[in-house]
Every structure is written in structure tokens, then in C-alpha cells.
Amino acid sequence: MDKKTALYDKHINLGARMESFAGYIMPIKYTTVKEEHNTVRNGVGVFDLSHMGEFRVKGKDASRFLDYLLTNDSAVKPGKAYYSTMCYPDGGIVDDLIVYKISENEYLMIVNASNIEKDWAWVNNHTDGYSIDLTNESDETALVAIQGPDAEKVTQKLTDENLQEIEYYAHISGLFAGKQALIARTGYTGEDGFEIYVKFEDAEAVWDAVMEAGREFGIKPIGLGARDTLRLEVGYLLYGNDMDHTTTPIEAKLGWVVKLKTDKEFIGREVMARQKQEKPTRYIVGLEVLGKGFPRHGAELYEGNRKVGIVTSGSLAPALGHGVCLAFVEKGYHKKGTELEAEVRGKRIPVKTVKLPFYKDGSRK
Amino acid sequence: MSDIPEKLRYTETHEWVKDLGNGEYMMGLTFYAQDQMGEIVMVECPGIQDFNSGDILGSLEAVKTAEDFYAPFNCKIVRINEDLEDEPALINEDPFGRGWLAVIKTDDPSGYDGLKSAEEYSDFIGE
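Chains as they are written, first to last, in the working numbering: chain R, 585 to 949; chain L, 3 to 129.
Incorrect hints may appear among the rest.
As the list claims (entries may be wrong) - Derived CB-CB ranges, DEER-like: (1) L:Ser124 / R:Lys741: 46 to 56 angstroms; (2) L:Lys78 / R:Asp593: 13 to 23 angstroms; (3) R:Leu747 / L:Gln51: 50 to 60 angstroms.
Simulated from the structure, these hints should not be mistaken for lab results. In this text, a Cβ means the ideal position worked out from N, Cα and C, and glycines have one as well.
Produce the complete structure using the sequences and hints provided.
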């Protein structure tokens with residue numbers, strides 16, 4: 585039985601198409617994916633992302649614990665956030681996540697909805713020797729994201745905190761629409777925007793306040809369909825599609841979130857250090873579709889008769905008007921400008937590797 | 003309950019066919035099929051040429067899936083709906099009207115006569 589978020593009734597009243605996603609019944613779209621996508625690119629949209637998981641880590645060893653558990657470094661200032669992967673000893677990815685540093689002794693980890701149970705077990709399996717308290721706050725927390733070039737104007741109407749002082753990947757705890765909230769300048773769209781974490785019981789009031797404050801800017805609710813096209817257009821990876829336990833951060837071009845330059849020990853370090861030195865045998869790349877149509881997750885890539893890769897995400901890019909994909913290709917085929925063919929239902933479609941992001945005009949700070 | 007207009011004929015691959023007279027027929031995707039597919043974002047049609055019954059006439063790309071559409075009988079495409087190039091979602095918005103896919107032509111009316119009636123199509127999709 586799928587869980588409902590605190591905003592389920594809002595979505596039903598808005599006429600959303602609801603579908604099962606990661607154990608939740610979630611809004612896929614309210615109008616069309618294309619229209620919602622363009623709303624976020626050009627104006628402002630609001631998302632219910634309450635399915636995401638939240639784990640709080642508190643205690644005097646919180647930093648040391650996260651440094652061992654995660655590939656990225658906790659050495660950011662309180663009030664900042666960092667993106668990281670969490671890996672198995674063989675380098676395979678357990679999950680990718682954002683970590684908000686509240687203080688030197690307190691962090692909030694935001695994990696993928698589909699991985700909440702797996703991650704919670706994994707995190708709890710590594711607490712020996714650390715003085716920390718772990719809390720899974722996923723069921724008590726709602727997340728409303730306000731994204732788009734007009735996001736700051738809408739968000740600022742609902743809080744006295746000065747949002748201009750909050751940089752990209754920074755956050756503040758304060759009142760939002762009269763409710764206690766964590767207000768973060770983060771997102772998954774390539775646009776400027778905020779993610780507002782509130783208590784489950786405050787979610788409806790916050791959602792209504794955002795819709796009201798956003799009215800003058802033409803705010804629209806945005807479903808998970810457009811969330812996927814928005815993230816793909818800017819080349820953000822999706823766990824389960826573009827990376828999983830069989831891929832390492834180095835292969836996924838996430839080497840920048842692996843703290844090999846520090847001497848901190850962390851799970852998977854040995855494999856990643858070796859892989860970085862020896863170079864991976866495959867890489868994730870962006871592909872622009874040169875013909876019509878578009879390959880999807882699982883489509884095979886060829887150079888002539890030789891299979892050289894596999895598509896991990898593919899869609900029509902609404903802001904660009906052509907197909908785009910993320911794909912794993914063998915080393916040697918990953919250089920910008922390499923032309924390959926994707927097999928789609930028995931036909932070959934020409935594609936070319938390009939630099940990410942596909943869409944370069946986002947308002948992200 | 004899907005919308006299934008009485009005066010059209012239907013295929014098992016969810017195309018509707020309308021007799022325009024003079025051996026010409028308009029065809030499109032049924033309401034049921036577009037609803038199953040979801041939002042259509044791209045239509046591909048190779049164009050004006052001859053097809054045998056059951057040949058792939060073109061393909062439809064939706065957000066989550068892709069499907070081909072097929073020749074309902076031996077025919078020649080005489081016109082394709084060029085509005086779909088810019089607005090493929092017309093198939094979702096108005097599948098029996100502005101979302102039509104192609105006009106086809108045949109000299110042999112038996113192919114059309116052999117298609118399903120609205121009632122038969124309704125039974126076929128279980129409604």
C-alpha cells in the first residue's frame with residue numbers, strides 16, 4: 585500500500601494524475617509535462633517532494649561519522665550543504681544525497697525516497713564506535729520546493745529571513761509562512777530555487793501560502809514528470825537510472841564529491857583511489873540526439889556493429905526541442921563529439937556526445 | 003468509459019478510421035490508446051508512400067513509452083497531420099479531431115469493411 589504525503593488531498597483537488605512512485609502515491613503531472621517544465625524554466629513552480637527521506641545525525645562524533653560513511657567532506661561551514669554519494673566498500677553507490685550542516689554536531693541527510701529503508705539500515709550498520717544519535721524523520725517531514733527564476737521573489741514574501749544572504753547550497757532555519765522550517769537554496773531543476781522542509785502537519789498551510797504568494801508570478805504546481813525532464817536537461821543524475829550499486833562515483837563523473845585529496849578514511853576509498861589512478865573503463869556522458877525520436881533507459885549504443893554503451897536516461901528536452909540522454913559508454917567513446925547510434929525498437933538513431941549541461945541558460949545561482 | 007464514436011471503424015492496434023469518400027480515409031489514435039500512452043511528445047511518420055496492411059506507418063513517443071501505429075489495410079498515405087510536428091499533444095487533447103494522424107487512400111473498400119465497429123472495439127478493450 586503506497587503512502588500518501590501530507591499534500592495528497594491538494595493534488596487530488598488540483599486534478600493531478602497520481603501514480604505510484606518509490607512507495608508513495610505522487611503527482612506525476614497536473615496539466616502536461618511540457619507546460620510544467622516550461623513554467624519552471626521561465627517563471628516559478630512548486631513541487632511536493634515529501635517522499636524524500638530525512639535522517640538527522642546529532643552528537644559529538646557526527647562529523648567523523650559522516651566523513652567515514654560518505655564520500656564527500658563534511659568540512660563545510662554550518663549553514664552550508666554538500667552533495668555526496670554513499671558507497672559500498674567496492675565503490676558501488678548506495679545512494680546520492682544532500683547533507684545540510686546545521687552545526688558541527690548536527691546534520692540533516694536527504695536521501696532518495698526509493699532508498700529510505702536500505703539507507704537507514706546501511707547507516708545504522710556503521711554506528712559502532714561513534715557517539716551519535718540517528719533519527720529517521722522521513723514520515724514526519726514534508727518538503728515543498730519552489731523552483732524557477734522567480735522563486736526568490738515568491739519565497740521572500742513568506743519569510744523575514746533575508747534570502748539574498750543565502751547562497752546556492754546554503755540554508756537557514758526560521759519561520760516560513762508562520763511555520764518552523766529549514767529553508768535551503770537547493771534544487772534539482774537547474775533553476776534558482778528553494779527547498780522548504782516543514783513538519784508534516786504544517787505542509788498544507790505552507791503549500792496554500794506558496795500558491796497564494798506565487799499567484800502574481802503565475803506559479804503552478806509541478807509533478808514528478810517535469811522534475812525528471814528538468815533534471816535531465818541539466819545533466820543531473822538520477823539514482824536507479826544513471827547510477828546504482830554497480831557504478832562508482834568516479835565512473836559517474838562524480839569524482840568531485842570523493843574526498844581523495846584529504847587523508848580521511850571512508851567506505852570505498854581504496855577502490856575509488858585505484859580507479860581514479862588507473863582510469864575507469866567506462867564513463868557517463870551526455871548524448872544529443874541528432875535524428876528524430878529519443879532512446880530511453882536501457883537502449884543500446886553502437887559504433888557500427890560494436891556495442892559500446894547503454895542509455896541510462898533519455899527524453900525529449902522540452903526547452904531544446906530534441907532528444908537528450910545520459911549514457912554509460914566505454915572509455916574511448918566518451919570524448920566530446922563522438923558519434924554513435926542508439927538502437928530504438930529495431931531502428932538506429934544517430935547521437936553525439938556533448939558537454940553537460942544540455943540546457944545552459946538556467947537561473948541557478 | 004472511453005469515448006468511442008459510433009460512426010468510426012477501429013483496429014486491434016487502436017487506430018480509428020473514418021470514411022471520407024472517394025477511397026480516402028482519415029485515421030488517428032483512439033481515446034483509449036492515447037489515455038494509456040500518456041502525454042505524446044513526438045510523432046514520426048515517414049511520409050507519402052505505399053503500405054501493406056499491418057505495416058508500421060509511423061511512431062509515437064510519449065513521456066514514458068513509445069508505440070508504433072499501423073496501416074489498417076493496404077493503402078497509400080496521401081496526407082499527414084503537419085500540426086502534430088509542433089503540437090503532438092493534440093493527439094491527447096482531441097484524438098478524434100485535431101489530433102488525427104494521416105489520410106490514407108485505397109482502391110479496395112473491403113479492408114475498411116473488415117474493421118471493427120464501435121461496439122466491437124468497445125468489447126475488445128473490455129468496456
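Taking the earlier hints as the rules, which of them does this structure contradict? Failing hint: just 2.
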